[in-house]
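Here the protein sequences come in this chain order: A and B. Using the numbering used here, read the first sequence as starting at 1 and increasing by one per residue. Using the numbering used here, read the second sequence as starting at 1 and increasing by one per residue.
Honestly, the hints are just simulated from the structure, not real lab data. Here the structure is a predicted model, which is why all the values come from computation and not from measurement. Mixed in with the good hints there might be a few duds.
It does not matter which identical chain is meant; a pair holds if it fits inside one copy or across any two.
[Unchecked claim] Straight-line Cα separation of at most 20 Å, SDA-like style, residue types lysine to any residue; simulated pairs:
| no. | residue 1 | residue 2 |
| --- | --- | --- |
| 1 | K196 | R251 |
| 2 | K51 | L34 |
| 3 | K128 | P5 |
| 4 | K56 | R4 |
| 5 | K196 | R32 |
| 6 | K244 | P213 |
Number of protein chains: 2
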Amino acid sequence: VSIRPDDRGLLLGDGVFETIRVEQGRPLLFERHLRRLSNATETLGFAAPIKEVRSKVRAALAESSDGFHSLRMTVTRGVGPRGLLPPDNPQPTVLVSMSPAGARPNAVVHASLSGVRRNAASPSTQIKSLAYLDNILARQQAAPGCEDVIMLNTDGFPACTSIGNMLALTNQGWVTPAFEIGGILPGIVREVLIEKGHVRETRLTLAEARRLPLARSNSLVGVQPLKLVDGCDPALSAIEQLTKALQAAERSEP
Amino acid sequence: VSIRPDDRGLLLGDGVFETIRVEQGRPLLFERHLRRLSNATETLGFAAPIKEVRSKVRAALAESSDGFHSLRMTVTRGVGPRGLLPPDNPQPTVLVSMSPAGARPNAVVHASLSGVRRNAASPSTQIKSLAYLDNILARQQAAPGCEDVIMLNTDGFPACTSIGNMLALTNQGWVTPAFEIGGILPGIVREVLIEKGHVRETRLTLAEARRLPLARSNSLVGVQPLKLVDGCDPALSAIEQLTKALQAAERSEP
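Required output: the full structure, derived from the provided sequences and hints.
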């Protein structure tokens, strides 16, 4: 597989992707990922070729039914003429790749606060777009000894980590930054935990994030303890409950 | 030429580009573009392979010494392992392509105000990165009859159009949004006009942009009259002076 040099995914970041955990040949919460993929390309103004995506995923899965893998589905708007405006009838490019993964980590992740903020005034930060440079820059600038960062949105509210959503444990239970504040990626693990009543959306402040036990979530790592520099120690047993709720959904949903 | 599907330019928007106007085989203000390209990859933390860029540009230029072209140089961080962190020793990918262009347009460009803002709190909007999705989204949402948009930065100040810089004519001469307000692309035409004393940086407000004659600039279109919906008519003869200053630099500089 190779990509044409005039693909808008490469030239302009004009596309979206999903990363999915695969266990023994089974892509976890696959239908939710497909749904988010469709929503994301709809935000960009084109339809994801879901049939082609499904068939390429099937082909990738057929190569290995053992152990753990991470599966990436990438859909770009395909090739187009010069300029920003997309072609009227885009022919999306679909890429699917799978690589080996290990057991989900449960070690505490140390994080610093990033100076790079997530744009609260663009739809591009509310989808998993190819325009991932802010997260790369934020991750590169993590303090020594830190493997992740907490990113504020441009209005100054804690939004995400460089690789997923953030969760905080209050006296009233787990909360996560509300989608409506802007700059929040609608993560699949986050979505499941909210739907099942384990997490609720709130307008978390930086001061709260500094004094509450934190966690991060994404489809590959699941839910993992997070410790902000000078922040509170994570609440490991409370995270264990979220992990169990996530695993139950991963086992029961297609 | 084709691109590997694990190139970080495609997967994560991890790269930069330049577009240059070519007249009769001569790339205008080429050394400035190369300098900006180097600055941009430095912001991302890697060195642009300038020798390879030069040699690929020479090869592209050799194919046509007649008429007008637009030349695009793309440099990505190359392939890398899974995850956000780049490899320690990146092998950048260099792509150069050239396509025919016409005379520079001098028609008035109608623009609406975009709801998509430019991130004032990220270095990614201060380089010409592959993460161009905000500009695409903004351009797609232009009002009917408009071919461009004015984008505010996330602090609410006019910043850029979807394809270049913006200029406004005050009683004290031409101004452009100051780089330091954030979200401002350091355009080459803008740079030349500032250096030559024809334009100065200022903290332009939206109210001012609404009542002042406007222009947009980029390396392909030069300086072009811009009219915001309900805004002021452009000052064509004042734009003519900027165009002459630009052309003088384009003729005299390598």
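Hints the structure violates: just list their numbers, smallest first.
none
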